[in-house]
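Place chains B, C and D on chain A using the hints.
Protein chains: 4
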Amino acid sequence: MHRERFYTLSASCPDRVGIVARVSGFFAGHGGWILETSLHAEPPADPAGSGESVGRYFMRIEIKADSLPFHLAELRERFRPLAEELEMDWKITDSAVKKRVVLLVSKQEHCLYDLLARWKSKELDIEIPCVISNHDTFRGFVEWHGIPFHHVPVAPDNKTGAYAEVQRIFEEVRGDTMVLARYMQILSPGLCAAYPGRIINIHHSFLPSFVGARPYHQAWAKGVKLIGATCHYVTADLDQGPIIEQDVIRIDHSDAVEDMVRYGKDIEKTVLARGLRYHLEDRVLVHGNKTIVFR
Amino acid sequence: MHRERFYTLSASCPDRVGIVARVSGFFAGHGGWILETSLHAEPPADPAGSGESVGRYFMRIEIKADSLPFHLAELRERFRPLAEELEMDWKITDSAVKKRVVLLVSKQEHCLYDLLARWKSKELDIEIPCVISNHDTFRGFVEWHGIPFHHVPVAPDNKTGAYAEVQRIFEEVRGDTMVLARYMQILSPGLCAAYPGRIINIHHSFLPSFVGARPYHQAWAKGVKLIGATCHYVTADLDQGPIIEQDVIRIDHSDAVEDMVRYGKDIEKTVLARGLRYHLEDRVLVHGNKTIVFR
Amino acid sequence: MHRERFYTLSASCPDRVGIVARVSGFFAGHGGWILETSLHAEPPADPAGSGESVGRYFMRIEIKADSLPFHLAELRERFRPLAEELEMDWKITDSAVKKRVVLLVSKQEHCLYDLLARWKSKELDIEIPCVISNHDTFRGFVEWHGIPFHHVPVAPDNKTGAYAEVQRIFEEVRGDTMVLARYMQILSPGLCAAYPGRIINIHHSFLPSFVGARPYHQAWAKGVKLIGATCHYVTADLDQGPIIEQDVIRIDHSDAVEDMVRYGKDIEKTVLARGLRYHLEDRVLVHGNKTIVFR
Amino acid sequence: MHRERFYTLSASCPDRVGIVARVSGFFAGHGGWILETSLHAEPPADPAGSGESVGRYFMRIEIKADSLPFHLAELRERFRPLAEELEMDWKITDSAVKKRVVLLVSKQEHCLYDLLARWKSKELDIEIPCVISNHDTFRGFVEWHGIPFHHVPVAPDNKTGAYAEVQRIFEEVRGDTMVLARYMQILSPGLCAAYPGRIINIHHSFLPSFVGARPYHQAWAKGVKLIGATCHYVTADLDQGPIIEQDVIRIDHSDAVEDMVRYGKDIEKTVLARGLRYHLEDRVLVHGNKTIVFR
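Protein chains in written order, with full-length UniProt numbering: chain A, 1 to 295; chain B, 1 to 295; chain C, 1 to 295; chain D, 1 to 295.
With the rest of the complex left out, here is chain A (with noise of 0.2 Å):
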């Protein structure tokens, strides 16, 4: 929520001695301003085997951008050899440049309306070239908005053909991320493969739980008492990507699954929200199957 213009670094690197002194020391050389300081080190897995016996150290530092002498550019050339050093995987955004989000959806309202509700109050301060969709339901509530909308029909035997015109529209849009806004098919691999760690899917249990379809009726005949929501990255294998946010609502036995979707619904959109904003303010690094979240 800073009004002003920023820079985010968001990198990881091997760990050893000095990485937040020398990072912090390149930014103070030239009086950048720092808003935003997080840092994790990650333990090696397994200290005391012959494996991984270097852990690993994440970053995210927002600096002012009008406290730096020079532009984005310059910037990304000038820390360039630090990073190269470090072997970071590095990058740096610019809070003036808007993401450009692209919203899958299919029939169910309650994702859709409550993106575009954070949008339009600029919460979300982001740019959403279009909304596809395997149905045509939503066509005039998306473009009421302004938003171009895409129906793409899946059908079964055509879902090569579907996915392709998917990946050319969000080609074409320059889209950063795909939300899967409760969008009820199954991407192909070789679209999950194309785009990983910028695909969002928002899945209706408690994942490791109750993966795969009608989630609520696995948890109903299990008889848990709270029902949950999982934002994660789409790996090919389905429901297994790195998990960005959860959390659950409480349910009891007079709950049908129809209460239960109900319930579900709330705890879907406002995780969906959730994740999407950590990701969007590059606030989510990707470590293996597991995410560092910098909330």
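By construction, these hints were calculated from the structure, which means they are not laboratory data.
Just so you know, these numbers come straight off a predicted model, no measurement behind them.
Treat the hints loosely; a few may be bogus.
Since copy identity is lost for identical chains, a pair holds within one copy or between any two.
What the hints assert, rightly or not - No farther apart than 20 Å at their CA atoms in a straight line, the calculated lysine-lysine pairs in the PhoX-like style are these:
no., residue 1, residue 2
1, Lys-91, Lys-120
2, Lys-120, Lys-222
3, Lys-107, Lys-159
4, Lys-64, Lys-91
Using the frame of chain A, we list chains B, C and D on its own:
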């Protein structure tokens, strides 16, 4: 979420032996199939003292409509003698008759979008005869949904006229319930008094903390670790009416007031929607300044 | 928390018209003052199919003991014909008869201290005729409370003997309920089968996720954002018995397994205590592999 | 939960460019291995006004002890010039030096049992040099644990003497922190003033609601739908000191005050234990009447 038509008896009466037997006996005697029963005995406030010496009994019973050999009007007629004998406050409603809910909004999107999504998906199975606002902001959005929109400005020097107009519209559309969905005006005492138990507000704090204006600023200044929202019936006493539903969300020192506002919206809309649903399903019985909520 | 003596009827029967009328009529006919009533109609599992076509009705009713003109034995005798006519599974318990709860523990303090504090303060108004452990660790602590302590080692080559001894002690002290308060052994199928619905376990995960050993390690590896605990009845099927109560707590990437263990203890003891209380107050009715919990 | 010895720097200073670079540079220059870093920039309270124009920077850094080429005393000596240059309030503590925590209790078990269980399992790795109580109730229990117990009655006509005795004992045992674990007496202003930021209380409401006596009765009368507990530093202003941690639990109309008391105990002990741990690990930095808590 019952698919079949049903009647709902909601009632309270002085506590005594045999209430449930008499009431359930009445329905059983006519072959009435009971779908759901909720009962609560509230003890006398001061059992030891010289004051109130009898508790009060509350009930809510859903009966399958086609299990009874007569229609609603006759059901009410036949139930009346028993209700009078038991000195009941009571009503019987019909699931086939949709409640008419008038929304009052100002310039914030979140509750309006949320309620309209629930209405559109029939999660809230209600009529929305119109939306009233002190701003013209949402005219297009509301009208796109096919719902009439009334812009009733509330000028400091003409509040009386404005509230008279709100009341006139509410009467004209035969409203059952008025929902202040982040309506940023304080209703006149007269309007509050005209519809006891029928005007629902969402207040953006965990009452009784932070009554009145700018509760998130108050919460920030106090340094609380959770912020909340409260859905309550409106009375002439600002933010003091019977509480229907509340919830909270965790914050920390890194959250500025703007972050709290953003987090708060998520609980505001959820708490309002829950409280409103309880009200519309006749699950809320008012007892003095408190509520019994048969969830 | 009633101070006066009361009887609790807990029962289930095939659903039909008039159950509540018949049962409440029975009590009203004898002047019985009902303190609390909880009712639940479970619809048939497969109403459309050729299978189960009748739902099941569950109830729990508390009646003030001295409002009835006879004692418990006679109450049971008089109620029996109605119970048989309605094909009930039923029991009536007496608040004046304390349940006898045997605790099984290993080497972790948290659940043991927690339960003994509740017992000492009479929040749990029970008898603890003894504590059984596969270690001698807590002998002094337990005996200081005036409770007999039995050390029953469970050697890999003598599990049968160990569980026979546990069962012998449980029978000898006339135990009603066995509580596995972080007892780190898997009971034999025979012992599980001997006391259906009478052995309560706390599992340190949000079941059905992370069954079996080291659930916090499993949760860490999966990268979930909440961890949980589950209180359930023990059956021969490991960690699969009917769930009584669950809860979760938020964690994040900075929490190592050791932190999760520490956070987890807080929900383990709370969830166990809540589930145990529901059980002891006859609030839990088992229905297949699920529970109705009249909280 | 680090197993290795580490030092913890906790500090705050006026915000300016380069703080992190200077501080992390200091440690890196000596080969210091940083285990955990938490940073927070608090903006000026009134940036636009004529008042406070500079924000304040807060930090907490854990450094592996044996990665530094000198011991704690020398570390402090070497760090001092930088701290003075940055105008820091600062301290460095040593994980190998256990904090000395004096518990004050009255007649309720739950917090005492809870804290002693955590101490016994070393989850709280502290010394408890003694327990002080205005009742003799828990002498045996405390002494069984090998902890000295002091009965200091607080008679209405000798409060001054009683609190002088409490202070004398606290000084004698060289206490670091005083914990009011449901101690049902109001400390004297003098005692509060003697140990700012060192006396921790658990209040049985979600402050700022329901200050003072019988908060559950107040909550019941108000009809709130959640009840809470607040862990805070004690100041001379009753229940108004800086809040460290809070939590809530859901209740409903069926819960009498006694039920609320019972539910409340579970959050009281959890919230107290969490807040105390944050304090003991130097995760709490006080800023005016608020806290920064680096969880």
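Are any of the numbered hints broken by this structure? If so, which, sorted upward? 1, 2
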